[in-house]
Amino acid sequence: MLLSCKETTRQLSQGEDRKLSFGERVALRLHLAICNGCRNVNAQIKFLRLAVKRLSQDGDEERTA
Amino acid sequence: MGFRTPNSSPLPSTADFRTQVESLRPYLLRYAALQLRDAAAAEDAVQEALLAALAGEANFAGRSNLRTWLTGILKHKVVDSIRRQVRERPVSELESEGEPTEFDALFDRRGHWQENPDTWQQPEGALGQKQFLAALELCLRALPARTAQAFMMREHLGLETAEICKEMGITPTHCWVMLHRARMALRLCLETNWFGK
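Line by line, the protein sequences are chains A and B. The opening position of the first sequence corresponds to residue 57 in my numbering, with each subsequent residue numbered one higher. The opening position of the second sequence corresponds to residue 95 in my numbering, with each subsequent residue numbered one higher.
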């Protein structure tokens with residue numbers, strides 16, 4: 057089934073927090089292939105992760121134990 | 095910048111070690127404050143971490159980067175602190191349950207964008223700007239407290255969702271809802287206050 061943009065944003069977010077099933081990933085890919093807005097949101101979600109890490113680090117180390 | 099115990103000296107200078115540990119206090123305070131949103135709680139967590147670090151000085155023994163080592167200790171103290179906070183004031187149902195409805199206005203009745211979100215221009219460039227990081231911090235402060243904490247546990251501390259749910263005393267589904275809300279609110283906030291300008 058085709059996902060709506062609203063469902064897609066929810067799945068994009070969950071994809072950061074749990075492993076999506078094969079079917080879920082296929083549905084996401086299909087939607088992203090045709091939807092510019094959701095592709096942008098996907099990039100923004102990934103950017104948020106980088107940005108938040110940067111808040112306390114000066115960029116000389118990416119991860120802590 | 096790694097602190098190393100000189101191989102030639104069997105007894106590392108405790109004074110040196112203390113000085114180095116103390117010099118990292120501002121960084122550690124900032125790290126804890128971002129996560130706890132409470133200056134006093136952040137102070138306590140850092141204090142506990144430093145005491146643990148000084149007591150466990152032998153465990154460090156120049157094996158790794160001092161800051162990385164201290165941050166690892168602090169992370170545990172921060173999670174302890176969040177656990178205590180949650181015990182005193184559990185996550186409200188309002189904050190964790192149900193579908194995020196506050197973003198409904200972005201979509202039409204069939205769930206498609208009313209207006210397609212735009213590409214953010216030069217986000218990598220923004221990462222290097224102090225003003226951008228300040229804007230991001232303001233956006234984080236605008237989130238409901240527990241939502242922000244869950245999000246920061248995920249993205250800043252890098253904890254797994256299962257652990258976050260456990261510490262917050264909520265189900266995985268509620269956890270995902272909170273994390274999703276946090277991301278959607280932050281992207282809107284940054285779009286309004288930074289990228290949309």
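Take these hints with a grain of salt, some might be off.
For the chain A half of the interface with chain B, some residues (derived, Cβ under 7 Å), not all of them [said to hold, decoys possible]: (1) S60; (2) G93; (3) I101; (4) L111.
Residues from chain A that keep clear of chain B, each with C-beta distances beyond 10 Å, as calculated [what the hints assert, rightly or not]: (5) S77; (6) G79; (7) E80; (8) L84; (9) L88; (10) A89; (11) V97; (12) K109; (13) R110.
Cross-link-like lysine to any residue pairs, in silico, SDA-like; alpha carbons within 25 Å at most [as the list claims (entries may be wrong)]: (14) B:K224 <-> A:K75; (15) A:K62 <-> B:F201; (16) A:K109 <-> B:E209; (17) A:K62 <-> B:P120; (18) A:K62 <-> B:L148; (19) A:K102 <-> B:N287; (20) A:K102 <-> B:G166; (21) A:K102 <-> B:A133; (22) A:K62 <-> B:A133; (23) A:K62 <-> B:L200; (24) A:K109 <-> B:F201; (25) A:K62 <-> B:G219; (26) A:K102 <-> B:E218; (27) A:K109 <-> B:D202; (28) A:K62 <-> B:D202; (29) A:K109 <-> B:H170; (30) B:K224 <-> B:R235; (31) A:K62 <-> A:D73; (32) B:K260 <-> A:A99; (33) A:K62 <-> B:V180; (34) A:K109 <-> B:G252; (35) B:K224 <-> A:K62; (36) B:K260 <-> A:Q67; (37) A:K109 <-> A:V82; (38) A:K109 <-> B:E218; (39) B:K224 <-> A:A99; (40) A:K102 <-> B:S117.
Treat the hints as calculated values from the structure; they're not laboratory data. In this text, a Cβ means the ideal position worked out from N, Cα and C, and glycines have one as well.
Checked hints:
Against a cut-off of 7 Å between C-beta atoms, the interface hint on S60 of chain A holds, since the closest Cβ of chain B lies about 3 Å away. About 3 Å separates the beta-carbon of G93 of chain A from the nearest beta-carbon of chain B, less than 7 Å, and the hint is met. Hint status for I101 of chain A relative to chain B: holds, with the closest Cβ pair at about 5 Å, below 7 Å. Here the hint on L111 of chain A is kept, as its CB sits about 6 Å from the closest CB of chain B, short of 7 Å.
S77 of chain A, annotated as away from the interface, keeps every beta carbon of chain B farther than 10 Å; the closest lies near 14 Å. Once the 10 Å rule is applied to beta carbons, G79 of chain A is consistent with being away from chain B; the minimum gap is 18 Å. With 10 Å as the threshold on Cβ separation, the claim that E80 of chain A sits away from chain B holds: the shortest Cβ distance comes to roughly 13 Å. Annotated as non-interface, L84 of chain A keeps its C-beta farther than 10 Å from every C-beta of chain B; the closest such distance is 14 Å.
No Cβ of chain B approaches the Cβ of L88 of chain A within 10 Å, the least distance being about 13 Å, so the stated non-interface status holds. Against the 10 Å criterion, A89 of chain A stays outside the reach of chain B, whose nearest CB is about 15 Å from its own CB. A beta-carbon of chain B is positioned within 10 Å of the beta-carbon of V97 of chain A; the least distance is around 5 Å. Not every C-beta of chain B lies more than 10 Å from that of K109 of chain A, the closest at about 7 Å, which undercuts listing it as non-interface.
Not every Cβ of chain B is farther than 10 Å from the Cβ of R110 of chain A; the closest lies at roughly 5 Å, contradicting the non-interface assignment. Note on K224 of chain B and K75 of chain A: the hinted pairing is violated, with a Cα-Cα distance of about 34 Å set against a maximum of 25 Å. Annotation: proposed proximity of K62 of chain A to F201 of chain B holds, straight-line Cα distance about 7 Å (limit 25 Å). The straight-line distance between the Cα atoms of K109 of chain A and E209 of chain B is roughly 30 Å, outside the 25 Å bound, and the hint therefore fails.
At roughly 41 Å between alpha-carbon atoms, K62 of chain A and P120 of chain B are farther apart than 25 Å, so this suggested pair is violated. Straight-line distance between C-alpha atoms of K62 of chain A and L148 of chain B comes to about 50 Å, which puts the hinted pair past the 25 Å bound. Proposed proximity of K102 of chain A and N287 of chain B is supported: the alpha carbons are some 19 Å apart, at most 25 Å. For the hint pairing K102 of chain A with G166 of chain B, the CA-to-CA distance comes to about 24 Å; that is within 25 Å, so the pair holds.
Between K102 of chain A and A133 of chain B the alpha-carbon distance is near 29 Å, which puts this suggested pair outside the 25 Å criterion. With a C-alpha separation of about 37 Å, the suggested pair K62 of chain A and A133 of chain B falls outside the 25 Å cut-off, and the hint is violated. A hinted pair counts as satisfied when its Cα atoms are at most 25 Å apart, and K62 of chain A with L200 of chain B qualifies at roughly 9 Å. For the proposed pair K109 of chain A and F201 of chain B, the alpha carbon gap of about 30 Å is over 25 Å, so the pair is violated.
Distance hint between K62 of chain A and G219 of chain B is unfulfilled; the C-alpha atoms sit about 29 Å from each other, more than 25 Å. With a CA separation close to 12 Å, the supplied pair K102 of chain A and E218 of chain B stays within the 25 Å bound. As the CA atoms of K109 of chain A and D202 of chain B are separated by approximately 34 Å, the hinted pair breaks the 25 Å bound. Between K62 of chain A and D202 of chain B, the direct Cα distance comes to roughly 9 Å. Compliance with the 25 Å bound is thereby established for this hinted pair.
Distance check on the hinted pair: K109 of chain A and H170 of chain B sit about 17 Å apart at the alpha-carbon level, within 25 Å; holds. At roughly 17 Å between alpha-carbon atoms, K224 of chain B and R235 of chain B fall within 25 Å of each other, so this suggested pair holds. Annotation: proposed proximity of K62 of chain A to D73 of chain A holds, straight-line Cα distance about 17 Å (limit 25 Å). Taking the CA atoms of K260 of chain B and A99 of chain A, the gap is near 29 Å; set against the 25 Å cutoff, the hint is violated.
Of the supplied pair hints, the one linking K62 of chain A and V180 of chain B is violated, its CA atoms being roughly 31 Å apart against a limit of 25 Å. Among the hinted pairs, K109 of chain A with G252 of chain B is consistent with the structure: their alpha-carbon atoms are about 9 Å apart, no more than 25 Å. Between K224 of chain B and K62 of chain A, the direct Cα distance comes to roughly 32 Å. Violation of the 25 Å bound is thereby established for this hinted pair. Using a Cα cut-off of 25 Å, the hinted pair K260 of chain B and Q67 of chain A holds, with the two alpha carbons roughly 22 Å apart.
Taking the CA atoms of K109 of chain A and V82 of chain A, the gap is near 29 Å; set against the 25 Å cutoff, the hint is violated. Distance restraint check for K109 of chain A and E218 of chain B: the Cα-Cα separation of roughly 13 Å lies within the 25 Å cut-off, and the hinted pair is therefore satisfied. Among the hinted pairs, K224 of chain B with A99 of chain A is consistent with the structure: their alpha-carbon atoms are about 21 Å apart, no more than 25 Å. Between the alpha carbons of K102 of chain A and S117 of chain B the distance comes to roughly 32 Å, so the proposed pair goes past 25 Å and is violated.
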